[in-house]
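Protein chains: 2
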Amino acid sequence: MSNFYVGVDVGGTTVKIGIFSHVGELLEKWEIPTRTENDGEFILPDIVNSIEAKREERGGNILGIGMGIPGPMTEDGVVLKCTNFGWGVFNVRNTMADMTGVGKVKVGNDANVAALGEVWKGGGRGHDSIVMVTLGTGVGGGIIQNGKVMTGSQGAAGEIGHIKVEFNNPAQCGCGCKGCLETYASATGIVRMAKENLPDKSKLADLEEITAKEVFDQAKAGDQYAMSVVDRFARYLGIALSNIAHVVDPEAFVIGGGVSAAGPIITDLVSKYYNEYAMYALKDKEFHLAELGNDAGIYGAVRMVLF
Amino acid sequence: MSNFYVGVDVGGTTVKIGIFSHVGELLEKWEIPTRTENDGEFILPDIVNSIEAKREERGGNILGIGMGIPGPMTEDGVVLKCTNFGWGVFNVRNTMADMTGVGKVKVGNDANVAALGEVWKGGGRGHDSIVMVTLGTGVGGGIIQNGKVMTGSQGAAGEIGHIKVEFNNPAQCGCGCKGCLETYASATGIVRMAKENLPDKSKLADLEEITAKEVFDQAKAGDQYAMSVVDRFARYLGIALSNIAHVVDPEAFVIGGGVSAAGPIITDLVSKYYNEYAMYALKDKEFHLAELGNDAGIYGAVRMVLF
Chain A
35 MSNFYVGVDV
45 GGTTVKIGIF
55 SHVGELLEKW
65 EIPTRTENDG
75 EFILPDIVNS
85 IEAKREERGG
95 NILGIGMGIP
105 GPMTEDGVVL
115 KCTNFGWGVF
125 NVRNTMADMT
135 GVGKVKVGND
145 ANVAALGEVW
155 KGGGRGHDSI
165 VMVTLGTGVG
175 GGIIQNGKVM
185 TGSQGAAGEI
195 GHIKVEFNNP
205 AQCGCGCKGC
215 LETYASATGI
225 VRMAKENLPD
235 KSKLADLEEI
245 TAKEVFDQAK
255 AGDQYAMSVV
265 DRFARYLGIA
275 LSNIAHVVDP
285 EAFVIGGGVS
295 AAGPIITDLV
305 SKYYNEYAMY
315 ALKDKEFHLA
325 ELGNDAGIYG
335 AVRMVLF
Chain B
35 MSNFYVGVDV
45 GGTTVKIGIF
55 SHVGELLEKW
65 EIPTRTENDG
75 EFILPDIVNS
85 IEAKREERGG
95 NILGIGMGIP
105 GPMTEDGVVL
115 KCTNFGWGVF
125 NVRNTMADMT
135 GVGKVKVGND
145 ANVAALGEVW
155 KGGGRGHDSI
165 VMVTLGTGVG
175 GGIIQNGKVM
185 TGSQGAAGEI
195 GHIKVEFNNP
205 AQCGCGCKGC
215 LETYASATGI
225 VRMAKENLPD
235 KSKLADLEEI
245 TAKEVFDQAK
255 AGDQYAMSVV
265 DRFARYLGIA
275 LSNIAHVVDP
285 EAFVIGGGVS
295 AAGPIITDLV
305 SKYYNEYAMY
315 ALKDKEFHLA
325 ELGNDAGIYG
335 AVRMVLF
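These protein sequences, in sequence, are chains A and B. Going left to right, the first sequence walks through residues 35 to 341 as this note's numbering numbers them. Going left to right, the second sequence walks through residues 35 to 341 as this note's numbering numbers them.
Just chain A, with the same shape it has in the complex (with noise of 0.2 Å):
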């Protein structure tokens, strides 16, 4: 019956909740629905009673709470725009506060909490400073400086899917912009390259549905066509981290998200790349995988209230 902390992560279609001791041990997680409709007025209360009937179930009380919000936020607490909740601008922290009479509360954008979740117990251990890439069905980015998450004036640090990498030609994004990382190195990126120029002698032009997982596969099994097309997602994402790296100089790279579970040829290569495009000073950091998984977030959420 000891007290203890909360980490949230507030995703698309699920909210995960985790309940960890004061020295940052996971003792319990669980998931609920994110009830988006209404313009998602449930949210909220649906995780404040949750965590509030754990309470009860546990005894003790709740230390702080820590929670990573898919979109925009200020350092304050205040989201500037969630589209996928139909969210207006209000402060999310403050609400939560109110709403669970716990006094620590912090709210920080979801990619940037995963990747305060990796360096504290990820692929980012033992570094104070890194740029976590999380490359999902979008590309998403956190970067963590000095052990701490950087925010943007606006919130919008750290949106490093939106960077641009090819100007002839490029494709278009779903931001109204072209060019930009997510529509090559995001699995819905991959994808759309494979199919692209896909000739009959490749084997993924027997699938029936082609997927970024396949595409790594079949390049692993020795598959040209998916070899090049490995080659171009990595060249793209070396390119991006590569002008990253001449704007922050973080100690390492940290890539996560869906696509990442294909493995070291994914950090084999890039850093390949990287080093390519990288200015001398910046040469040769280190390239990790994210080791946290869909825990990275409620690991993250929780940090920012602990200690």
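Watch out, some of these pointers could steer you wrong.
Identical chains share a label here; the pair holds if one copy fits it or two copies do between them.
Said to hold, decoys possible - Pairs of lysine-lysine, BS3-like flavour, derived with a Cα cap of 30 Å: (1) 306 to 115; (2) 115 to 317; (3) 88 to 237; (4) 155 to 229.
Please keep in mind that the hints were generated in silico from the structure rather than gathered at the bench.
Knowing the structure of chain A, use the given hints to seat chain B on it.
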């Protein structure tokens, strides 16, 4: 006979030195030559002697010394490489503190320090977080976040001249890479672009020597070819600043260096291209011209030890 602070900007040919009051007023400034012979061993003694002579003349005590150096610097004041001076790796801060007996000494990279000067008393006034780009013979950068210089893990944060902005037949950069911003947005790069396909009908073709200033002057006077060169310059710079914004999300950009003397034509065009390449959350940042000129370095240097 009151006490004072000293700001020092160590350049490749001259050292600029300023005396400041405790509220940051510039009281007096002068220059001495930078003696780079014998692997730069005279540089620091020359500075110390010059400051000491001024102290005897003015009376009072030196309360702090801030210094900008043209090389990557750690936050502890260790210079990592300074090819201009032939300096190896050593702690400049501790050396200066020992030689002067002044306890409060801080040393930073010159471009970062100039950015700090501009955010304090120049074009970035009123902002906490800016990106400053210096367009001279090369392209330098300085990033200020929450009022502080971003150094990076190895002193190479803000090396934005080497962000890659062209992949299609990219120009060779002095750093060994190709397609760096510096090869398009520096004075040297503008002149190179102007010479590339120079048509006889352009006014630039009549000049004995093309300079970046001439390119801007002829563009303003209506020369179409000169305007096309300025447009290329602005597009490359807009791309780079947009990429930087996706990493650090500053409040504003400040553009300085010799090329920026061309005036508002630069901020007008660069902000236009910036908005074309920036995602929605990052559009419409402020663009300012630097205001302190050659004094940015001494202002920024002293700012590090003031307050």
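A quick look at each hint next to the structure:
1. 306 to 115: Intra 37 Å, inter 24 Å, cutoff 30 Å: inter-copy only.
2. 115 to 317: between (36 Å within a copy, 15 Å between copies)
3. 88 to 237: Answer is neither; intra-copy 50 Å and inter-copy 77 Å both fail.
4. 155 to 229: Intra 37 Å, inter 54 Å, cutoff 30 Å: neither.
Hints 3 and 4, counting from the list given before, are not met by this structure.
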